[in-house]
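Kindly produce the complete structure, drawing on both the sequences and the hints.
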Amino acid sequence: MAISRGFQGRRRDDVDPARVPPGQYVTRDFPVLSAGPTPHTPLTKWDFTIRGLIDEPVSWTWEELLALPSETITVDIHCVTKWSKLDTVWKGVSIDTLLDGTETSAEHVIAFCDGGYTTNLPLADLTGGRAWIAYEYGGDPLEPEHGGPARLLVPHLYFWKSAKWVRGLELLYQDTPGFWEYYGYHNYGDPWKEQRYRGD
Amino acid sequence: MAALDGNAIAGTLVAVFDTELTNAIGACARCGRRSPVGEFAVYLRGPGTVARCRHCATVVMVIVEAGRVSCVDLQGLEALEPAA
Amino acid sequence: MVEIVEETARTKSIAFELESWFGHRAGQHVDVRLTAEDGYQAQRSYSIASAPEDDNLVLTVERLDDGEVSPYLVDELRPGDRLELRGPIGGYFVWEAALGGPVLLLAGGSGVVPFRSILRHHQAIESTVPLRLLYSARSLEDVIYRQELTGVAAKGAVDIRYTLTREQPEGWQGYRRRIDEELLGEVAWSRSEQPLVYACGPTAFVETAARALVALGHEPGRIRLERFGPTGG
Chain B
3 MAISRGFQGR RRDDVDPARV PPGQYVTRDF PVLSAGPTPH TPLTKWDFTI
53 RGLIDEPVSW TWEELLALPS ETITVDIHCV TKWSKLDTVW KGVSIDTLLD
103 GTETSAEHVI AFCDGGYTTN LPLADLTGGR AWIAYEYGGD PLEPEHGGPA
153 RLLVPHLYFW KSAKWVRGLE LLYQDTPGFW EYYGYHNYGD PWKEQRYRGD
Chain U
305 MAALDGNAIA GTLVAVFDTE LTNAIGACAR CGRRSPVGEF AVYLRGPGTV
355 ARCRHCATVV MVIVEAGRVS CVDLQGLEAL EPAA
Chain H
316 MVEIVEETAR TKSIAFELES WFGHRAGQHV DVRLTAEDGY QAQRSYSIAS
366 APEDDNLVLT VERLDDGEVS PYLVDELRPG DRLELRGPIG GYFVWEAALG
416 GPVLLLAGGS GVVPFRSILR HHQAIESTVP LRLLYSARSL EDVIYRQELT
466 GVAAKGAVDI RYTLTREQPE GWQGYRRRID EELLGEVAWS RSEQPLVYAC
516 GPTAFVETAA RALVALGHEP GRIRLERFGP TGG
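Protein chains in written order, with my numbering: chain B, 3 to 202; chain U, 305 to 388; chain H, 316 to 548.
These are computed hints drawn from the structure, not numbers from a lab. Hints should not be assumed to be uniformly reliable.
Said to hold, decoys possible - One side of the interface only, derived from the structure: several residues of chain H facing chain U at Cβ under 7 Å:
no. : residue
1   : 404
2   : 408
3   : 412
4   : 415
Claimed, not checked - So the derived label-pair ranges between C-beta atoms look like this:
no. : chain 1 : residue 1 : chain 2 : residue 2 : range
5   : H       : 355       : U       : 333       : 35 to 45 Å
6   : B       : 195       : H       : 492       : 53 to 63 Å
7   : B       : 195       : H       : 399       : 26 to 36 Å
8   : U       : 386       : B       : 200       : 30 to 40 Å
9   : U       : 337       : H       : 489       : 53 to 63 Å
Cβ atoms here follow ideal geometry from the backbone N, Cα and C, with glycine treated the same way.
Structure follows, in structure tokens:
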């Protein structure tokens with residue numbers, strides 16, 4: 003492999019290494035990565051649903067989601083394609099708020115999205131203040147190319163788990179691989195253990 | 305983000321299949337539409353590469369390079385024929 | 316890398332002497348991979364600007380302000396530097412004599428790069444296949460290969476037309492707008508002549524061209540497209 007003299011790329015090198023998981027590089031940009039075309043669901047037709055292993059599915063319209071208690075959080079995000087972005091600011095509704103009052107025996111969840119994308123997670127990783135449905139980024143409404151109007155935000159896992167254009171959560175009896183998990187990515191995806199691919 | 309086309313993955317396809325494929329004709333398993341691989345809608349630089357039928361947006365090809373192993377899924381293709 | 320030629324304020328043509336190369340076909344591209352000392356890598360595709368008959372491999376790179384690879388290639392690369400290339404790549408977006416014509420090339424911005432290879436190859440083999448280029452650029456200053464294209468057009472073998480979409484010099488007689496069905500209708504051969512059409516450039520340009528050509532009755536199977544992404548290059 004030839005080293006390209008003087009090539010640095012667009013990385014930041016002024017960060018505390020303790021904040022950077024193994025194998026990651028810190029970027030100032032916010033790369034747009036997608037498996038398909040950007041969906042454009044009108045807000046009047048948009049809703050978010052929790053369904054599956056619960057007594058009754060529960061849904062919120064866009065207005066109802068925005069009316070829920072929200073949080074503004076600053077987190078670091080890590081994409082499996084090796085870029086990390088520090089101190090990103092989001093506003094959204096905690097999944098704890100959405101699950102409040104819901105009883106389930108499910109331990110697994112699959113998030114489903116406009117465009118057909120899915121990703122699976124343990125329910126435990128969506129609770130305890132670790133996950134949100136985010137609709138603002140950097141103080142502005144979340145742009146479609148970054149998952150707007152709303153995306154799942156689960157910063158402690160690789161960012162493919164923070165599903166763009168999320169429309170709901172299905173509470174599962176049995177763990178089921180989502181889109182990238184099916185194609186060989188790690189079922190859990192902890193960046194600090196560098197769990198990129200199945201078997202890592 | 306507007307998609308690129310199969311030309312953008314020509315190199316990846318050679319690395320995986322050891323042959324030039326952009327001229328090959330692929331038939332979408334969902335809508336049946338036939339088009340050169342060079343015309344597929346391609347989404348790059350994500351965790352993997354996704355090629356979709358330009359007419360019905362169904363996923364026709366997924367390529368994941370996991371370390372030294374390439375995982376290729378062509379389930380969305382009904383047929384893949386070399387160029388005439 | 317052996318030579319750098321400035322084409323426009325933001326674009327340079329870079330010539331390489333290759334350790335092993337088996338020739339290429341006009342229209343193909345290479346994948347350039349850069350590796351930093353700590354192993355970080357970035358990779359981009361660049362169309363080959365040189366003809367198969369030319370001595371050195373030439374890539375023309377437009378410097379994107381927020382780019383990662385293009386600023387390195389345009390600003391940093393020095394004679395003697397080595398670069399890792401994979402290729403030549405591509406079988407769909409190529410032209411060679413066996414494919415016949417007449418040939419219509421539609422270039423949007425840096426989409427003209429693979430067409431330089433086709434034009435030079437066409438000339439090198441002394442092809443009599445009718446060839447026409449419509450080049451869409453923001454202004455005359457943004458036209459890449461301007462001198463070379465003027466020379467080619469003066470020889471009369473290739474018909475070259477421009478549309479300058481943002482700024483035109485005084486007295487400009489050419490087109491002054493983004494391509495549309497009417498413009499293409501005037502420039503393209505009629506559908507009965509069944510031209511082979513190549514369109515290359517930003518995705519929006521290529522898709523507008525394709526839609527317009529189909530609306531004009533051209534056979535989709537005779538249209539080949541190469542999309543460069545939203546900003547081209």
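To see whether the hints hold, each was checked on the structure:
1. Taking 7 Å as the C-beta cut-off, the interface hint given for residue 404 (chain H) holds, the closest approach to chain U being about 4 Å.
2. Contact between residue 408 (chain H) and chain U, as hinted, is supported at the beta carbon level, the nearest pair being about 5 Å apart and thus within 7 Å.
3. A cut of 7 Å between beta carbons decides the hint on residue 412 (chain H): the least distance to chain U is about 17 Å, and the hint is violated.
4. For residue 415 (chain H), the interface hint is violated, since its Cβ never comes within 7 Å of a Cβ in chain U; the closest pair sits about 15 Å apart.
5. The supplied range of 35 to 45 Å is met by residue 355 (chain H) and residue 333 (chain U), whose beta-carbon atoms lie about 38 Å from each other.
6. Taking 53 to 63 Å as the suggested C-beta distance range, the pair residue 195 (chain B) and residue 492 (chain H) conforms, at roughly 56 Å.
7. Separation of residue 195 (chain B) from residue 399 (chain H) is about 31 Å and conforms to the stated range, judged on CB atoms against 26 to 36 Å.
8. For the pair residue 386 (chain U) and residue 200 (chain B), the beta carbons lie near 32 Å from each other, so the given range of 30 to 40 Å is met.
9. Separation of residue 337 (chain U) from residue 489 (chain H) is about 38 Å and departs from the stated range, judged on CB atoms against 53 to 63 Å.
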